[in-house]
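Chemist: Each chain is listed here by its residues.
Protein chains: 2
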Amino acid sequence: MPEFLKLRTAEEAWEIFLGHFAPVVTAEPCAVIDALDRVLAVAATAPHELPTFVRGTVDGYAVQAADTYGATAGLPAYLDVVAEAPMGARADFTLGPGQAALVHTGGMAPPGADAVIMLEHTNRAGGPLMGAASLQAGFAPFSIEAYRPVAVGENCIQPGEDVRAGDQILPPGHTLRPQDLGGLLAVGITTVQVARPPRVAIVSQGDEVVPPDQAPGPGQVRDINSYTLAGLVRRAGGIPLTYPIAPDQQDALNAAVRTAFDQADMVVITAGSSVSYRDLTANAINQLGKPGVLVHGVAIRPGKPTILAVCDGKPAFGLPGNPVSCINIFQQFATPTIRLLLGARPPRVHTVPARLARNISAASGRADFVRVRLETRDGETWAVPVFGKSNLIYTLVRSEGVIAVPLNSNGIPAGSEVVVTLDA
Amino acid sequence: MPEFLKLRTAEEAWEIFLGHFAPVVTAEPCAVIDALDRVLAVAATAPHELPTFVRGTVDGYAVQAADTYGATAGLPAYLDVVAEAPMGARADFTLGPGQAALVHTGGMAPPGADAVIMLEHTNRAGGPLMGAASLQAGFAPFSIEAYRPVAVGENCIQPGEDVRAGDQILPPGHTLRPQDLGGLLAVGITTVQVARPPRVAIVSQGDEVVPPDQAPGPGQVRDINSYTLAGLVRRAGGIPLTYPIAPDQQDALNAAVRTAFDQADMVVITAGSSVSYRDLTANAINQLGKPGVLVHGVAIRPGKPTILAVCDGKPAFGLPGNPVSCINIFQQFATPTIRLLLGARPPRVHTVPARLARNISAASGRADFVRVRLETRDGETWAVPVFGKSNLIYTLVRSEGVIAVPLNSNGIPAGSEVVVTLDA
Chain H
28 MPEFLKLRTA EEAWEIFLGH FAPVVTAEPC AVIDALDRVL AVAATAPHEL PTFVRGTVDG
88 YAVQAADTYG ATAGLPAYLD VVAEAPMGAR ADFTLGPGQA ALVHTGGMAP PGADAVIMLE
148 HTNRAGGPLM GAASLQAGFA PFSIEAYRPV AVGENCIQPG EDVRAGDQIL PPGHTLRPQD
208 LGGLLAVGIT TVQVARPPRV AIVSQGDEVV PPDQAPGPGQ VRDINSYTLA GLVRRAGGIP
268 LTYPIAPDQQ DALNAAVRTA FDQADMVVIT AGSSVSYRDL TANAINQLGK PGVLVHGVAI
328 RPGKPTILAV CDGKPAFGLP GNPVSCINIF QQFATPTIRL LLGARPPRVH TVPARLARNI
388 SAASGRADFV RVRLETRDGE TWAVPVFGKS NLIYTLVRSE GVIAVPLNSN GIPAGSEVVV
448 TLDA
Chain U
28 MPEFLKLRTA EEAWEIFLGH FAPVVTAEPC AVIDALDRVL AVAATAPHEL PTFVRGTVDG
88 YAVQAADTYG ATAGLPAYLD VVAEAPMGAR ADFTLGPGQA ALVHTGGMAP PGADAVIMLE
148 HTNRAGGPLM GAASLQAGFA PFSIEAYRPV AVGENCIQPG EDVRAGDQIL PPGHTLRPQD
208 LGGLLAVGIT TVQVARPPRV AIVSQGDEVV PPDQAPGPGQ VRDINSYTLA GLVRRAGGIP
268 LTYPIAPDQQ DALNAAVRTA FDQADMVVIT AGSSVSYRDL TANAINQLGK PGVLVHGVAI
328 RPGKPTILAV CDGKPAFGLP GNPVSCINIF QQFATPTIRL LLGARPPRVH TVPARLARNI
388 SAASGRADFV RVRLETRDGE TWAVPVFGKS NLIYTLVRSE GVIAVPLNSN GIPAGSEVVV
448 TLDA
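Protein sequence lines correspond, in order, to chains H and U. Anchor point for the first sequence: position 335 equals 362 in this note's numbering, and the numbering is continuous, going up by one each time. Anchor point for the second sequence: position 314 equals 341 in this note's numbering, and the numbering is continuous, going up by one each time.
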């Protein structure tokens, strides 16, 4: 019978793994309109400034600011409105002193104007009092009273105020959000270089495991890890590849793992978690390449019987077969590895503060990850532990996040403030 | 010149809208393995219990618990191991008193056993001391010392402990996560009824707007709203449909909006936000059906010139053309509308507590939405307002969340604790 595992802390395990893994990001072009959630491989730089012209931000009148200085409701400034600035084009007139032009929000300020006064701060005063003639064919001039002064540049956006030419818009490793697509398109960038998503091979192992569309016989269970992990691979930005269930037999397992490994950038094997089966998995990983298994056993609950490996440069993981352990370990090690293969900046982890509804006892010598659901009571958020053995898939279905209890904690009493990491 | 808008608060506007909108959810079948992020239309119910058999949770020996009562390290219980329980099958033997069978984690406990003792709590003691014969061809019996008592059921999962037959597994309106796919497949549910994603037509309007792959002339800007909104529609669970840019001309706009409306379950028009153009948009919406425009102008900054409408049962929204306002209003009204069309339970909004890095001044008479980026300083999260006019797309690109300042607030001083709603 093989010896029991030599446990590493999660931090030690990750450090050992990183010491042997040098991720390579492969860039590929992608149309910006299809690039939601893709990871930029190359920084995006503004080819020109934005806006490219002085843009009004309100409905009102383009003016020379000096004409409005000192204007009040009691003593308004009088201006002649001599034209209407066109939308989407440069005005073919130039404003002079005492003159104004109607402008719409987002329109280009006409030459000669240096500010815009809001419609709400003016009043129509009748015919052209100052005697100015129309500057635009078909435009009937009229005069306005301005009740307020405007400063030079007021109610306008200056060229380059949004972004300047040559500015780095987005750094490499940034995951593109809806507004980022807009930011890129605004400066005419319609294609970006993004990271090719890593292909993650998922192999479920176990003589007791049958495909989910098959009725399990006595002692058999359906394969669920392949599909929960496929979902987590997608969430992390990878492409999941699933394979037929591999048996607990060394030669057949080796062949199945080798096929998966060769077709992917990374392989994840979820196995029955008994000691003997873990050895099968470790052997199958070791035959893939050097250095092979680096860590076998991690001080995490649930998830102790975990394998971290690098084989000829590709990561390989052996995860426990129990669904709760399997997902916990995947999130701890495989998700960050996929992000490394994408060259992605660490995502902001979504956490919520909550009050713990029940005592959590200490797990001596292990970092403990306790699943919780959130409840609102009297306006306060409570984290209710969903206790359950790690074999129970419904522990996960009934919960929405996790509390990490550190390695050498004495447990957490009910009523404590805790931080819940929400499921992605 | 048309009159200024009669503003409604966001709550009033939403209530008026809901008074005229009766969402209908259409169900369609979907393979569970493809159902990540889909919304369940019909509750999922467990067709059978899980697990279906008594399952061991550790590596060890199946025993009759009574044989171990009183066992200690000094005075161990002696048992004869007479067989090995097979994985994925029912044992073809029945344990008697004083007998034990090797079991692996996840294996079915053999008939006659009522508990499992962990390998770690036993020791091999040599040949079969109790004289029991092998119950399995080819299995050489041996004896063990058990150092601890186990209770009936210990280290086992009982049938139905994970989920019981007939239990509702997931409610209608639930958005499927990776673990939910596992939970469904575990009980053999391979197809679910999910909500058909609503098609959301997006029409950008404006004489100054050109497609993003076109070089804008003087006074022109590229269409970005169509694509940021398409991203937000996808995030909300809908299918975005984009259309050519519509001009600021009533007949052409009416025709463009009608085409989009007829092909979709909901229409969103983003327009130049000047008063006169807003009237074009309102007219175009009113021609679509009854009752038409319900709200025109909302006390939200940014985003005042907003239209909420229902036309012959379908929602229609007129959003400001400024990108920041446009996205803010979309998230306030269009995202929840898409969720209603999906019959989706309200998602948990991701928020983080933070300390405000700069004063936010009051916006009298309006609910104010201030974009922020998050910074960690000395382990504390700070929300740094990204001030900028709502015309500036990079206000959004440079930020990652929003602080809501209520309608009649006096502003928020720097150093206050605030809640930041993170971008989806």
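Hints are not guaranteed to be accurate.
Note that identical chains are pooled: a pair holds if it fits in a single copy or bridges any two copies.
[Unchecked claim] SDA-like, lysine to any residue: derived pairs with alpha carbons at most 25 Å apart:
no.: 1; residue 1: Lys341; residue 2: Gln163
no.: 2; residue 1: Lys341; residue 2: Ala159
no.: 3; residue 1: Lys416; residue 2: Thr79
no.: 4; residue 1: Lys341; residue 2: His201
no.: 5; residue 1: Lys416; residue 2: Phe169
no.: 6; residue 1: Lys341; residue 2: Glu402
no.: 7; residue 1: Lys33; residue 2: Ala192
no.: 8; residue 1: Lys331; residue 2: His201
no.: 9; residue 1: Lys317; residue 2: Thr36
no.: 10; residue 1: Lys416; residue 2: His75
no.: 11; residue 1: Lys341; residue 2: Asn435
no.: 12; residue 1: Lys341; residue 2: Gln241
no.: 13; residue 1: Lys331; residue 2: Glu188
no.: 14; residue 1: Lys317; residue 2: Gly370
Treat the hints as calculated values from the structure; they're not laboratory data.
Chemist: Against the earlier hints, flag every one the structure doesn't satisfy and list their numbers going up.
Modeler: 1, 2, 5, 6, 7, 8, 11, 12
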